[in-house]
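Number of protein chains: 4
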Amino acid sequence: MIIVMKQGATPTNVESVVNRVEELGYKVHLSRGEARVIVGIIGADDYLVRSATFEVMDGVEKTVRVMQPYKLASRDFSQTDTVIDVGGVPIGGKRIAVMAGPCSVESREMVLEIAHAVKEAGATILRGGAFKPRSSPYSFQGLGEEGLRYLAEAREETGLPIITEVMTPGDVELVGDYADIFQVGARNTQNYSLLKALGKTDKPVFLKRGISGSIQELLMSAEYILSGGNMRVMVCERGIRTYETATRNTFDINAIPVLKQLTHLPVVADPSHGTGKWDLVGPVAKAGVAAGADALMIEVHPQPERAWSDGAQSLTLDHFAELMRELEAVAQAVGREI
Amino acid sequence: MIIVMKQGATPTNVESVVNRVEELGYKVHLSRGEARVIVGIIGADDYLVRSATFEVMDGVEKTVRVMQPYKLASRDFSQTDTVIDVGGVPIGGKRIAVMAGPCSVESREMVLEIAHAVKEAGATILRGGAFKPRSSPYSFQGLGEEGLRYLAEAREETGLPIITEVMTPGDVELVGDYADIFQVGARNTQNYSLLKALGKTDKPVFLKRGISGSIQELLMSAEYILSGGNMRVMVCERGIRTYETATRNTFDINAIPVLKQLTHLPVVADPSHGTGKWDLVGPVAKAGVAAGADALMIEVHPQPERAWSDGAQSLTLDHFAELMRELEAVAQAVGREI
Amino acid sequence: MIIVMKQGATPTNVESVVNRVEELGYKVHLSRGEARVIVGIIGADDYLVRSATFEVMDGVEKTVRVMQPYKLASRDFSQTDTVIDVGGVPIGGKRIAVMAGPCSVESREMVLEIAHAVKEAGATILRGGAFKPRSSPYSFQGLGEEGLRYLAEAREETGLPIITEVMTPGDVELVGDYADIFQVGARNTQNYSLLKALGKTDKPVFLKRGISGSIQELLMSAEYILSGGNMRVMVCERGIRTYETATRNTFDINAIPVLKQLTHLPVVADPSHGTGKWDLVGPVAKAGVAAGADALMIEVHPQPERAWSDGAQSLTLDHFAELMRELEAVAQAVGREI
Amino acid sequence: MIIVMKQGATPTNVESVVNRVEELGYKVHLSRGEARVIVGIIGADDYLVRSATFEVMDGVEKTVRVMQPYKLASRDFSQTDTVIDVGGVPIGGKRIAVMAGPCSVESREMVLEIAHAVKEAGATILRGGAFKPRSSPYSFQGLGEEGLRYLAEAREETGLPIITEVMTPGDVELVGDYADIFQVGARNTQNYSLLKALGKTDKPVFLKRGISGSIQELLMSAEYILSGGNMRVMVCERGIRTYETATRNTFDINAIPVLKQLTHLPVVADPSHGTGKWDLVGPVAKAGVAAGADALMIEVHPQPERAWSDGAQSLTLDHFAELMRELEAVAQAVGREI
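Residue numbers (my numbering), protein chains in the order written: chain L, 31 to 368; chain C, 31 to 368; chain H, 31 to 368; chain Z, 31 to 368.
Worth flagging that the hints you see were computed from the coordinates, not collected in a lab. Since the model is a prediction, treat every value here as computed from it, not as a measurement. Some hints could be false.
A pair counts as met if it fits within one copy or between any two copies, since identical chains are not told apart.
Here are the computed lysine-lysine pairs in the DSSO-like style, where the Cα-Cα straight-line distance is at most 27 Å [said to hold, decoys possible]:
#1 LYS290 <-> LYS92
#2 LYS36 <-> LYS290
#3 LYS101 <-> LYS290
#4 LYS36 <-> LYS57
#5 LYS101 <-> LYS36
So that you can see chain L by itself, here it is in the shape it has in the complex:
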């Protein structure tokens, strides 16, 4: 950490800061410029030093962190891209994995119909929500365990591994009995109790970026799971909240290459939530692949106008099949397969 003293900080101010650093057990490195003094803390794992310790001291202007706060998630920990094997489907390698399915599991028939259709079209993983975080207490909250059973049946019929959301630590065991991948939604990215519980499981975790989460916060949340002992985490860009109202969220395409630089974990793009409109899903899915995403998550529904949730952003089965064909060319153009 670097501590920038104010212009006009007194020698006593500087001395107090230096003493405080040394009291904490760190070595000091002092730079005296013409206008200001800079105090460097040497050898410190600086995210464990509380910056406020210094920010409230007289004569201190600001503190600047030098080191990244995450370790296991960082490229420093592993230069090699992590590949997560999910029931034989690799996520993170040359081949782009496609997770497709309905927002909510609505019925047994519906899930089976979708599972067969998306498999046919080339999807490798089936998604579907049984526990649904809804902004209104009066909205449909998901089928719960019944939904999980339908998903499991679809897996048995098609061979597709399944991913489904878990909302609270108390459900981790139940959801884990059915799911191949735990999904953590955007409203739970910083639900640390949940992240800690998932860190103790042995199943892969799909972690979405928060609704207005920073890239660093996403990796810090991944670190919660990794540091708990579960190294199979993938992170997902799903659009962030901005002032623009033309779309449901603003898909942060920059986040794809930024995450690829910062972490070895697989990076997933979710153009369904990233746009909120089915007719934008295709262009943004292609953009995600072109920018380097390792996987896609896409919502589909046989009759979007009758979907119980997220119908506006769901592709029909036909549109999904068409998109998969188009994505093949884009994947090849950037040296990938799909």
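The hints should help you fit chains C, H and Z onto chain L, whose structure is shown.
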């Protein structure tokens, strides 16, 4: 709900929409303008009608909600301001309640020292965190039940009711054994499992606005608790995330009068998180009172430079006492007491 | 426009609103729901009706616009994509135009070197700034007319048309003497005096989205130029301001397909400003093409570490040439050429 | 400026950076931590050193600015609050100046009526727009010079100095012939050509924060005017653009005390644009005063429902008079007068 058809929508498009509305059991009201047709859904509790049902239909441009999605939290439900009694301390009336204390409970001595000091200065409720949501898994996570015991001891000594954070449904019972008010933090505003659990308790809930939550989302989250049966909820503006980096958050002062218009629930201002800097807490606390807040939450610490968390935004005990005196004049200027 | 009355609005409230609409010369269409009354204004070009006229009346909850405020820029005006011919280079057709060059024109030699290199690599238009909007009055402000002369010389040598920024109405004539395309920067997107002046010229205008401009505001600004008589406008997504600090701006990839839906004008992507970091320019340029952009604007510099401005986001000549080769495959994958 | 090297940067990387700093004529201060090397540039006016110079070099992770980029606007330049005299009305002293008037000048009668009324209520300066920046080219663009004449007549009748907006350098002379204070609107905060032109005049300038401008950018824009030789600048918080749609803008109350800390220039609050709704103007005006604003700008209109612009946020003459009475108590509570 109003459905705006596209310019050039065909009669068949309009007919399909009308049929779909009627199929859902609602009555239709059609307005034919020169350029467009507008389809109104009459008599519907329109937040239960899925807008996507229509947004994906041919010829539809957009849908517009007419009704508010929350009911129990709204002024339609109660024109009278709700006053919540917490161990004899009213929150929501003429007198502005002040909740003060440390970010984290660090030790028995520290909590007792602060409790006496803030009581002396005029605070009416003691705050303190025992379970701490921290962005890093390597940071101090709170003293847990030990911290709760210290808070309870401080209550016994000073008579101040206590408020403390609960992070997960599994802790509701434990925290409820000690706390007078459950605090829900900004990262858990949309932790619906937690909100449902709190809706079944009989203790007041202090609900913070999400880090980038909208005012409507805050009231919808309150609705989760209210609809669960617990009518004693207060909502808190604590700053939102914006592009401005001069402060930790941007305190949304507009939200204070907006919330007072929309809801009967008590409205709290948290200038500590709203600014992130101790020397801005005073001006923004005064602004909050001037704008109509019913209560304040303020972080204090005997030695902010040694605080285990949030030191940069904590007032010293002296600064807090001074601020309380200044707030008195502002409260009187707007017809309140403190 | 639709006027939503409050729950509990009195018959007199409704009557006043109806009278006001009729006084303005419009016809009224009344919908009486169970809980509320909706007043529709029929046949009005509703962006000319001041919504405040109604929003301040007793009993009115809100107003909702139905029509788009732009006309000449909209798809209603032209279903066919506009193709702008710039000295033989078409912008807006099957072939993706690439505008490349330095942020600032620094010297004659530098511009000529870059012009030859980017032409060789496949760029079709040369960019370069002679008048520079800089946030500090103490920073380099551009070479002015001297810079324009160097650009003109580069055009003469290479045949590449040139695009350069104009900052103020007083410079329109001077810049127009040299430039083939006027560039309007993100800080001037709503400089209406400038837009009006450009509406009277006969040269194409390249209009950037504002730093935190909405898509609708961008099209409204285009409308200023179009309604002045100059129909050759292209609009550019260049990243928006958000809370994310990992990149200079957040490139709004959604805006590309949204703009293609809303307007017939050519849509340009600027991954240099959209990311602010040279090593993200490639992935985001590919994403822009995959999402449907008609053109790209990319900053290059022979020695980015010595650039007088925007060095951090400038590609070296070699990296630019390499990117052009990679873009070819992506363009083909989406049925385009480059 | 501080240059943070990457973990794993080679000695050659460090040497190149050091050489580059010395080549630029600055002295280097090297700090070698256990994990990283930090290169400090000593004695440099660091906002003139281009950070990109270093950010693109091998082994560099990031650069951090130490000094503020503005000088004349800063507290380092003057510890004493600047008081601007406008025709006998001081702006910036103990007494809070109130600038009130219509958004647009609509007619001679209307301006005179308002001028008398706001003077009576206690306003000290008359505002009114003659040149209007409107997002639509089809909206009313202001009365132009005719409007300026009406304002001048109102000044003659009431003695109130007048403030009015100037949109482009070409109008500076004309507007200066009438106005006592030049107003720069939020869309022109970074119109550097305009700022330079105003720096050469001898009249006070009222500079609004950009629609999504940072506090630092506001002060940099003030610096453009100050460095041009015009030291009479006041800066205005008028709300920023965020994701929240309940209000037109989010009034950044934090900005008031932050600006008071950073600059000696008078700080104005504009609750009309800051909220966009007349019934929020009062609470937020009081909040602005409580937080330390030196002046207020408030829009009033005799019949807001008939205003040609901004009617929704305009107070009636009666409401304005009532607010002025309420503000008196708040001003006194914080040791000011109004």
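To see whether the hints hold, each was checked on the structure:
1. LYS290 <-> LYS92: So LYS290 and LYS92 pass the 27 Å test across copies only (18 Å; inside, 30 Å).
2. LYS36 <-> LYS290: So LYS36 and LYS290 pass the 27 Å test across copies only (17 Å; inside, 37 Å).
3. LYS101 <-> LYS290: Result: close within a single copy only, 15 Å intra versus 40 Å inter.
4. LYS36 <-> LYS57: both (21 Å within a copy, 20 Å between copies)
5. LYS101 <-> LYS36: So LYS101 and LYS36 pass the 27 Å test across copies only (14 Å; inside, 32 Å).
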